[in-house]
Amino acid sequence: MYVNRAARQPHENEAMDPVHRPAVELSVLTRRFKSLTAVDHLSFEVRPKSIFGLLGSNGAGKTTVIKMLTTLLPPTSGTASVAGFDIVREPDEVRRHIGYVSQMLSSDGELTGYENLLISAKLYGLSGAERRTRIGQALEFMDLAGAADRLVGHYSGGMIRRLEIAQCMLHRPAVLFLDEPTIGLDPVARHGVWRHIEQVRDEFGTTVFMTTHDMDEADHLCETVAFMHRGKLAGLGTPGELKAKAGPEATLDDVFIELTGNAPGEAGSYREVEQVRRTAARLE
Amino acid sequence: MDFALFLRQTLAVAEADIRKLRHDPWELASRMVQPMLWLLIFGEVFAHSRAIPTGSLGYLDFMAPGILAQSVLFVAIFYGVSIIWERDLGVLQKFLVSPAARPALVLGRALASGVRGLSQALIVFLLAFLLGVKLRLGVLPIAGVIATILLGSAIFCTFSLIVACMVKTRERFMGIGQIMTMPLFFASNAIYPIAMMPDWLRSIAAFNPLTYQVDALRAFMIEGAHSDYGLGIDFAVQLAVLALLTALATNRYPTIAQ
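If you read the sequences in order, they're chains A and B.
Going from the first sequence to our numbering is simple: count from 1 and add 508.
Going from the second sequence to our numbering is simple: count from 1 and add 136.
Everything labelled a hint here was simulated from the structure, so no lab data went into it.
Be aware that one or more of the hints could be misleading.
Stated by the list, open to error - Just the calculated beta-carbon pair ranges, DEER-fashion: (1) S339(B) with R640(A): 55 to 65 Å; (2) H362(B) with D594(A): 48 to 58 Å; (3) A752(A) with F142(B): 47 to 57 Å.
All C-beta atoms, glycine included, are put in the ideal place defined by N, C-alpha and C.
Between the sequences and the hints, there should be enough to build the whole structure, so can you do that?
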C-alpha cells in the first residue's frame, strides 16, 4: 500500500524486488521559489501498476511536484525516484521511462493527429515497422483512427486529451503523469478519458500518477490519494479510508475541506489560473 | 552518445516545424514583403544615386546578398517568441520530458529556422534576377548559399532561444527583438562596405557574425564578387559562434519551462 515513508520502511526483500519497488518514491522532497516553499518535505510512495491521485487546492504544490518528478524542475532538497531512477542523478533514464500530459495542451494544434504521434515516436527513438505499428495501435486504442489526418486544432477536447495520452504511451512508459487530465471537459468526454486511463493501466501495467481538482474523478479512478495543503502532505490513503475517517456518509469533498482547513482558496498564481482557464477555453 | 539517434531526434524537432509550414504556407508569403521593399525601393534609389561606393560591383549586386542575410536574420531572431508561445500552450514541455538530447532540441529548432531562411532565398533570388543582379547560378555557388543560410539562421535562432529563456515572456521578447535586429543589421556589411564605417563601428562589425554571413553570401551569389575575409575565415567564425551559442542555449533551454 501507499504509506508515508516516515511511517514505514520497505522490507529489505521488497527493496530488492522490482515488483515491490515503488513506481514513484519521494523522500523529504522540497522546492522553494525565493521565499515561497511550494513543496515542503514531501514523502510518500506509489505502488506499481496503480492509479494514484495527488489532490489539493490551487497553489497547493501539485504541479510543482509533477514538474520535479518529470525532470522539468530540479528540487531544492530531498530526493525522489521514478521507475527506480533518481530524478536528479539519472534524469535521462527517468525521461525514457515516463509519459507526461501537462495541465495545458501538449499536442500541437497545427499538426494532424498522425503527425503529433509521428514526431513523438521519433523523439522516443522508435523507427521503421515498430513505429508504424505503435502509431496504428495508439490511434485504434484511443478511438482516433478516423481522425488521424485532421488537424488537432479541429479536434474536440476529449479527442485532444486522448491523443495526448496516446503520444505519451507510444514508448510504453512505466509511469504516466497526468496533470489535471479532464479539466475543461464535458461529462461525456471526461468519462471517455477515465475509461482510457483505466485501460492504459490494465493493458500495459502502467502506473498512473495524476493530479485533479475533481473529487468524483479521484474517487472513481484512484486506488490511493494524497492531499497536499500549502506544499505539505495533509492526508494519504485510499478514498474509502479517508472518507471513513472524515465521518459517516462523508465524501472526498468533505475530506478535502477537512484536510485543507476549510479555508477559501487563497493560493494559485496569476499565471497558473490563466493557464488553467486558457486550457479549458481551448478544450471547449 | 548514439549519433544516429541524436540526428534522428534533431530532424524530428525540425520536422515538426516544417510540417506546420506545409499546413500554413501563408506565413512564408507574408515574410516576402520586407525583402521586396528593401530591394525595390531602398536598392533602386541608392543604385541610381550612386551614394555608396561599392567598387567594381553595382549597388544592387552589392546589397542583394545583404538583404538576403537580413531576411534570414529577421526570421531567425524572432524564433524565441515561438518557443515562449509553445511553452505557454504546453507543447514545449512535451519535448522537454522526452529523452531527446538537449542539444538535439536546440539544433532541431535551428535547422527549422534555416529551412524558413531558405524560403527567403527563393524570393530574393527571383527579385534579384528580375532586377538584373549578376547572380551565380551554378550548383556549387547555390550549395554555398544554402550552407551559409543554414549556418547563419542557426546562429541567430540559437541566440534568440537564449534571449527567450532569459526574458521568458512574449511582451519582453518583442521589445528586445527590435533592439537586437537593427544594431546587428546596421553594424554589418549588409548595405554598405565596412570601409565606409567609422573605426568604432568597424570594430563592432568585426565581432558581428552577420558580417561574415554577408561576406560569404556575396562571394557565393554574385558574379565578380569575392570574400573580403576569405571563405575559410567566414565559416570558421560562424561555426565557432554557433558552437558557443548552442552550448549556452542547451544549458538555458530547460529553464524556460520552470
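Against the structure, the hints:
At roughly 56 Å, the beta carbons of S339(B) and R640(A) sit within the given window of 55 to 65 Å. For the hinted restraint 48 to 58 Å between H362(B) and D594(A), the CB-CB distance of approximately 57 Å keeps it satisfied. Range check, A752(A) to F142(B): Cβ separation about 53 Å, and the 47 to 57 Å hint holds.
The structure shown violates none of the earlier numbered hints.
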